[in-house]
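For reference, the chains in residue letters:
Protein chains: 2
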Amino acid sequence: MDKEAEKRTEIGRLGEFGLIKVLTAPFKAQQATTVKAIGDDAAVLAPEEGKQVLLSTDMLVEGIHFDLMYTPLKHLGYKAVVVNLSDIYAMNAVPQQVTVSLAISNRFSLEALEELYEGIRYACERYGVDLVGGDTTSSQKGLIMSITAIGYAQGQTVAYRNTAKPGDLICVSGDLGAAYLGLQLLEREKQLFLESSADFKPDLEDQKYCVGRQLKPEARRDIIAYLAEKGVKPTSMIDVSDGLSSDLLHLCTQSGTGAIIYEDSVPIHEEAYSLALKFNLDPITCALSGGEDYELLFTIAPDDRQKMMDAEDITIIGIMLEENQGINLLSKGGNLHPITAQGWDAIQRLGKP
Amino acid sequence: MDKEAEKRTEIGRLGEFGLIKVLTAPFKAQQATTVKAIGDDAAVLAPEEGKQVLLSTDMLVEGIHFDLMYTPLKHLGYKAVVVNLSDIYAMNAVPQQVTVSLAISNRFSLEALEELYEGIRYACERYGVDLVGGDTTSSQKGLIMSITAIGYAQGQTVAYRNTAKPGDLICVSGDLGAAYLGLQLLEREKQLFLESSADFKPDLEDQKYCVGRQLKPEARRDIIAYLAEKGVKPTSMIDVSDGLSSDLLHLCTQSGTGAIIYEDSVPIHEEAYSLALKFNLDPITCALSGGEDYELLFTIAPDDRQKMMDAEDITIIGIMLEENQGINLLSKGGNLHPITAQGWDAIQRLGKP
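Chains Z and B, in that order, give the protein sequences. So the first sequence is numbered by my numbering: it starts at 8 and just counts up by one. So the second sequence is numbered by my numbering: it starts at 8 and just counts up by one.
Hints are computed from structural coordinates only; laboratory data are not their basis. Only true hints are included.
Note that identical chains are pooled: a pair holds if it fits in a single copy or bridges any two copies.
Result set (DSS-like, lysine-lysine): computed pairs, CA atoms no more than 25 Å apart in a straight line:
1. K35 with K58
2. K148 with K197
3. K339 with K285
Next comes chain Z alone, as it looks inside the complex (with noise of 0.2 Å):
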């Protein structure tokens, strides 16, 4: 929101070209498989022998999924690549290559696109990978980006949603509902600005957690590497982007399992309690439906349970169970809640005008 002394270089006056040299030169190729990065008709690719390529793909617009109110261009660069990585890992599976396509109105300048590509590489470096392609283009109206990550697996290491079995454990990686309700206080705090004078002062000191958790998430890389040197290969993973709820009736559904989720076990960060009855609302409730919490949700075989409680940020949370025992909440006062999907939901958003 800061305006003054900002420095502006119209888009049109560099071309598509120009503006995609501009953006792309500070990015430098890692990976042995990235054989051909930017500058010809397609990447060019090479998987080592007996290795499976997974490509994810996800679209974000602004206005439905982020709000540049109160997200930095630099965070959202971040966290678009690192959602998509994300469902790599989710895949128990290791991302090496990224492609990055946008549609911009021209209210964005080039040191504001220049913002949003510093994140992007800030992520390509932490997660290694390399940004390979993409496409710029203008749009009527905001910003659209599109992005694919690219991973690879040896073959039966892959881990797909549909192959957990009854009797197996459920895990979660790190804590659910802080990404939610880090968006709940922006969203407040946007409207107090809204409404307030011009020298208002977000207070978001004491929620740093929720709202770091919100604008700058991160993928669980070191999850899938734990894994990998445990010799554990879940029978079943989802990355957590639309909320517990929705994400374990993925699992269950494509599975063709009943499941049981202990409230007493889901994590929930402290921050996140005191934040969410702050709110009046129930902290099991968001880390349910709460969702963009790039979490890892997956299912171990009952002999690696040992090696889930020797980790360090994985908890059990409950167990698969036969399809027609239903997929339930055990609450703490020892009640069964059915779950259903009120995570994020598709039908709200696209309802929209």
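Here the structure of chain Z is known, so what remains is to put chain B in place on it, guided by the hints.
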């Protein structure tokens, strides 16, 4: 433009997953390299031993790249896939998969999207590629598509843009300029329609070829097959999407060569030729700067000349020179004109609001 008794199912009723299911149900995987298509965090592809994987991606924005006033959704879906496949063929490789991501405003009904996907499916079937993933979300305005094509090649056969040498012959498939003239015609008919009474009937009968080249282009799979059959590896290659001038400049700049193009050799379809004259345009200018032809522009070693002469739909249009000899058109009158990038110009488009 026909609105009578049109069935309309609101997309919001289906939800994101329901929508994906309905739209992608008719797609059947055809490729041995497709291990897992839609329905998990990522698509899984398994290239054969020693093969390289190629990726190409494009973003298409309503109001920038297409106008639904005169573009049937089925044609749009078909074209969106084909232009991406063209990028893979332009690497002398064979596409086998695509991903399709959409951002859509609630102006679009399920039936409209099914029409779009019917076109996508026709293209997939015709070119033998599998739809393996994508993302579907809402937009604030109009339709935005992001398509990624994945192709495969033996490492040594990939044709890059930066490997042409002085003395190489410059070849092009098919003919040039017709798609641009088709677009001019559609734009003119649109204006007439907007200014006229309700029973206006566009008159496109005599220009079927040009309109077809604009609305339903094909990628030159046959040329790639011919080159493979004859054992010819192009020394450089690109597809003509921005216009012959602009795309030739890419080959020359990246290869560090000059070039000469013979005006009287540039292939122009007779319908395009007479339509250009009707519009008071110079046919050679349309061929040089029109774009969207999706023909292959490539260079070959002089020894392969006869094989090009024998081909049904390949024309030798010039020769690569030393860089200091410049890049020129030799006109029918015998004069040299410098070739500049007057093709599709991102600057103009990015300058739009």
